[in-house]
Amino acid sequence: MKTFPRGGIHPPSNKLSAGEPIKVLPLPASAVIPLSQHLGAPAVAQVAKGDKVVVGQLIASAGGFVSANVHSPVSGTVTAVEPVANGSGVKVMSVVIAVEGDEWLPTIDRSPNLVTDCRLEPSEIVAKIAEAGIVGMGGATFPTQVKLSPPPGKKAEVLIINGVECEPYLTSDHRIMLEHTSQVIVGVGLIARALGVEKTYIGVENNKPDAIEQLRKVVAEMVRALPHHIEVVPLKVRYPQGGEKQLIAAITGRAVPSMGLPIDVGCVVQNVGTALAVYEAVQKNKPLIERVVTLTGKDIPAPSNFLTRIGTPVSDLIKAAGGLPVDTQKVIGGGPMMGRAMSNIDAPVTKGTSGILVVGPKEASRCAETACIKCGKCVTVCPMALEPYLLSRLTQKQLWSEAEAGAIFDCIECGSCAYTCPARVPLLDWIRLGKTEVNKIIRTRLSC
Amino acid sequence: MMTLVYTVAALVVLGVVLAVVLYFVAQRFRVVEDPRIDQVESLLPGANCGACGYPGCRGMAEALVSDEDISALYCPVGGTATMKPIAEFLGKAAPEREPEVAVVRCAGSCALKPDGTTVRPRHSHYDGAPSCAIESATYAGDTGCSFGCLGKGDCVVVCAFDAIHINPQTGLPEVIDEKCTSCGKCVKACPKMIIELRRRGPKGRRVFVSCINKDKGAVTRKACEVGCIGCGKCVKVCEFEAITLENNLAYIDPVKCRLCRKCVAECPQNSIIEVGFPTKKPTQSVSQEGLS
Numbered sequence: 027m028k029t030f031p032r033g034g035i036h037p038p039s040n041k042l043s044a045g046e047p048i049k050v051l052p053l054p055a056s057a058v059i060p061l062s063q064h065l066g067a068p069a070v071a072q073v074a075k076g077d078k079v080v081v082g083q084l085i086a087s088a089g090g091f092v093s094a095n096v097h098s099p100v101s102g103t104v105t106a107v108e109p110v111a112n113g114s115g116v117k118v119m120s121v122v123i124a125v126e127g128d129e130w131l132p133t134i135d136r137s138p139n140l141v142t143d144c145r146l147e148p149s150e151i152v153a154k155i156a157e158a159g160i161v162g163m164g165g166a167t168f169p170t171q172v173k174l175s176p177p178p179g180k181k182a183e184v185l186i187i188n189g190v191e192c193e194p195y196l197t198s199d200h201r202i203m204l205e206h207t208s209q210v211i212v213g214v215g216l217i218a219r220a221l222g223v224e225k226t227y228i229g230v231e232n233n234k235p236d237a238i239e240q241l242r243k244v245v246a247e248m249v250r251a252l253p254h255h256i257e258v259v260p261l262k263v264r265y266p267q268g269g270e271k272q273l274i275a276a277i278t279g280r281a282v283p284s285m286g287l288p289i290d291v292g293c294v295v296q297n298v299g300t301a302l303a304v305y306e307a308v309q310k311n312k313p314l315i316e317r318v319v320t321l322t323g324k325d326i327p328a329p330s331n332f333l334t335r336i337g338t339p340v341s342d343l344i345k346a347a348g349g350l351p352v353d354t355q356k357v358i359g360g361g362p363m364m365g366r367a368m369s370n371i372d373a374p375v376t377k378g379t380s381g382i383l384v385v386g387p388k389e390a391s392r393c394a395e396t397a398c399i400k401c402g403k404c405v406t407v408c409p410m411a412l413e414p415y416l417l418s419r420l421t422q423k424q425l426w427s428e429a430e431a432g433a434i435f436d437c438i439e440c441g442s443c444a445y446t447c448p449a450r451v452p453l454l455d456w457i458r459l460g461k462t463e464v465n466k467i468i469r470t471r472l473s474c
Numbered sequence: 004m005m006t007l008v009y010t011v012a013a014l015v016v017l018g019v020v021l022a023v024v025l026y027f028v029a030q031r032f033r034v035v036e037d038p039r040i041d042q043v044e045s046l047l048p049g050a051n052c053g054a055c056g057y058p059g060c061r062g063m064a065e066a067l068v069s070d071e072d073i074s075a076l077y078c079p080v081g082g083t084a085t086m087k088p089i090a091e092f093l094g095k096a097a098p099e100r101e102p103e104v105a106v107v108r109c110a111g112s113c114a115l116k117p118d119g120t121t122v123r124p125r126h127s128h129y130d131g132a133p134s135c136a137i138e139s140a141t142y143a144g145d146t147g148c149s150f151g152c153l154g155k156g157d158c159v160v161v162c163a164f165d166a167i168h169i170n171p172q173t174g175l176p177e178v179i180d181e182k183c184t185s186c187g188k189c190v191k192a193c194p195k196m197i198i199e200l201r202r203r204g205p206k207g208r209r210v211f212v213s214c215i216n217k218d219k220g221a222v223t224r225k226a227c228e229v230g231c232i233g234c235g236k237c238v239k240v241c242e243f244e245a246i247t248l249e250n251n252l253a254y255i256d257p258v259k260c261r262l263c264r265k266c267v268a269e270c271p272q273n274s275i276i277e278v279g280f281p282t283k284k285p286t287q288s289v290s291q292e293g294l295s
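Protein sequence lines correspond, in order, to chains A and B.
Per this note's numbering, residue 27 is the first one in the first sequence, and the count goes up by one each step.
Per this note's numbering, residue 4 is the first one in the second sequence, and the count goes up by one each step.
Hints listed in this document are in silico derivations from the structure and should not be mistaken for laboratory results.
Keep in mind the model is a prediction, meaning the values are calculated, not measured.
Glycine residues also receive a C-beta, built at the ideal position from the N, C-alpha and C atoms.
Please note: incorrect hints may appear among the correct ones.
Taking beta-carbon pairs under 8 Å as the criterion, some of the chain B residues facing chain A (in silico) [what the hints assert, rightly or not]: (1) Asp-130; (2) Ser-134; (3) Ala-143; (4) Asn-273.
Okay, chain B solo, but in the shape it has when bound:
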């Protein structure tokens, strides 16, 4: 009987002592956290993709609460629809940014056309580990174009939103506009730096050069039927000075471009692609169907 009493008494005393110790420890090491951080975090999409530059939504929420000026902080996944309520909640000015989307700047399909030719013929067969990073470190690529897409899908692996897929026919990645959150992970993953974040454009309409080949025209033409040869015709036809030509490659400034599409008609290589316009004539190449 006494054993039982001693045991209970000992445990009670131990419990009381530890409770007192814990009370003081808790006082000493208390972390005061702004309750708004939790609330802001719940307003963020919760994708933890890191597109904002912070390790996750929690990090972004902390930054949003602590920074006075939040104009440099932007969640590309949630977009303005997310940022506006957060800014209202915190009583700060909401950052504004044009919604963007990832675009693949290579249209060199390796698929066999009905006439037996290929837009971008393969000259060798890569049988190493299925990774663009490894293939790119091994050699210039399996086609004559050393700038073109390798099609091993490093961009697909990193996409947390299931927004990019390799088209098995063309061997090129295609972006699903509705799913793409412009987090930019695929941009970083691509060893050839083919993917670019561009403005979605009004009603999802945009025009861009779907090529990053910087070789001289003759070399490019041999390697790919739709490669930019740097002829400069688009530069001349553009009335808004939106197109620049550098290193045998044209680039359309999305800010200056007014979507007149004169360059699309002018391009002898069909390297310039229009997306989101009502289809009048089927000029788009197969690889871009997923974009439109």
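Chain A with its partners taken away, still in its complex shape:
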């Protein structure tokens, strides 16, 4: 069975909500929609205080080439366009909407019928995706239309659909693959058509045999309707297989060059959630206004997968899953490995929120740091073949040119090093800081 060639760890999977069907979360009383839910330039607000909006209406348009449109996920009145604290307590420009009823734009097809037929040109598909404000739903939130428009001179040969979901606890992609299989497959077909690729792989880790079986069944059923060949590839369970570069290496054996992009080796990677969003945008005219969010944790009474409107406060999800346990230590936005602890649980769900993890005292405690004993475990598990102990030290000593020589910018911030460190050195914290500094230096050098 395939997997990526180097490093990686095996954290306990704890997929508590894997068997929970996706439930629709009730509408919030008020929705906060940040204008920067994607990588790149923030979107520019197109509504003002007092405006009436309906579901699917454009409320902010892309603020540059690498940016994404934002649509209203609810109907109601705009009460403010102002900076609101996000999950990290940092104030970001947001549109606040008081919810009134649930009125949708009439152009959106809300019927459950599967629409497989698509006669749009590739450029029209990309335009529709851009219009719908779709971003990478795996968590990186890179605007999808940019990924689907390779720079001149580069051609995508292989499309890889990421159904790995290697983060422990998270199950939103798993449920999407099980419950919206046909839609995902049609979406994959649309992405493949937009890119003009011949070959598509769907990578799924083999701890989700039901998803692999279901995908294979639907692909076999729909084989005639599909414009090209789709292969479902089971992968050996190993974190961080869902990393773009790791997934490409696992499936195609190609290595993305340092500081390069997947397109440099002819690959484009998209998440299954993105494929579903593409289907809905192109075939149903539905912009990205809701997503599946896993709300989980060992002490949560009912770990669940919720179909949640963007802008719903995280606290609403926690309430719907049975409330916050008394001895909660941390609420993490994302998975336990790459997620970020939240200091404000009234922050909204955004396009990139794949899960919310509530952690009790046992798992949240970070043990005291001791001295590095140079055991080399971090070097062994690093999937990018870096030397985390050294890079973290170089950052502490602010030796930026040495850190650059150690390819610190190649770090994918998977956290395997910090997870495995027997001395509990917060390796990733330091490396992330060093990476930011070195990237700043590189950018300044390039702009000179």
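Got chain A; can you put chain B on it based on the hints?
For chain B alone, kept in the frame of chain A given last:
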């Protein structure tokens, strides 16, 4: 016996040849260095802190010797006491600058007061790597004030003069005036840009707003008892137009300020702090004791 002679002879010939080669190489690649550079360097403090903008005292000495006009060159560590002899030695006009000191513009102590409340209560606990830069990149901070001091001591780490320390009670850094050389390293190290270089003032007396919170008044008041709420009372009471109000934050211009201290009495939040004045009444907050 002959072996010995040959050996000695060979070594002597080799020595002579190499000496000649070295002589010509030395002539060809000779670096003529102004002897004054060494002398000027010996007059500089030798801290190699980089506060002057040069990589070390040697770099500064080279610049001092080579530049005609040295008015833009100044060693904040040595101050005028250092610059004057150097200028006299070089026969150039000595640069003049007001002596400065680093001031910490955050008085939001996280210590528990006797009544059980806190000036700036913490709402979360940060347990990542002990670095302000990392904490600041991770989130807005462990208190309601996203501008306030994080107290992890990045300023302490960079200080080469042992002049700044975190007070374990308040969690805020305190500057020792006598040790501070105003090199500005802590100013650069602070990710929240809380530390400012200000004039020491006559007899070390100065008045400044010890807050950089730009939130609206209501938000600030909720997060911190001594945060500037931008009410503008100090602006009105100031007779010398030394105080400006921008983005809900007052700033006292150290050049215009005449140290009348009317603003200190007027400030409803006690955000304005006076340092170095003879103590009449104990109005200063705990965090600033190290400054006075």
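We went through each hint and held it up to the structure:
1. Asp-130: Constraint on B/Asp-130 satisfied, holds at 5 Å.
2. Ser-134: Since chain A brings a Cβ to about 7 Å from B/Ser-134, closer than 8 Å, the hint holds.
3. Ala-143: At 3 Å from the nearest chain A Cβ, B/Ala-143 passes the 8 Å test, so the hint holds.
4. Asn-273: For B/Asn-273, the interface hint is violated, since the closest Cβ of chain A sits about 25 Å away, which is over 8 Å.
Taken one by one, the earlier hints fail for this structure only at number 4.
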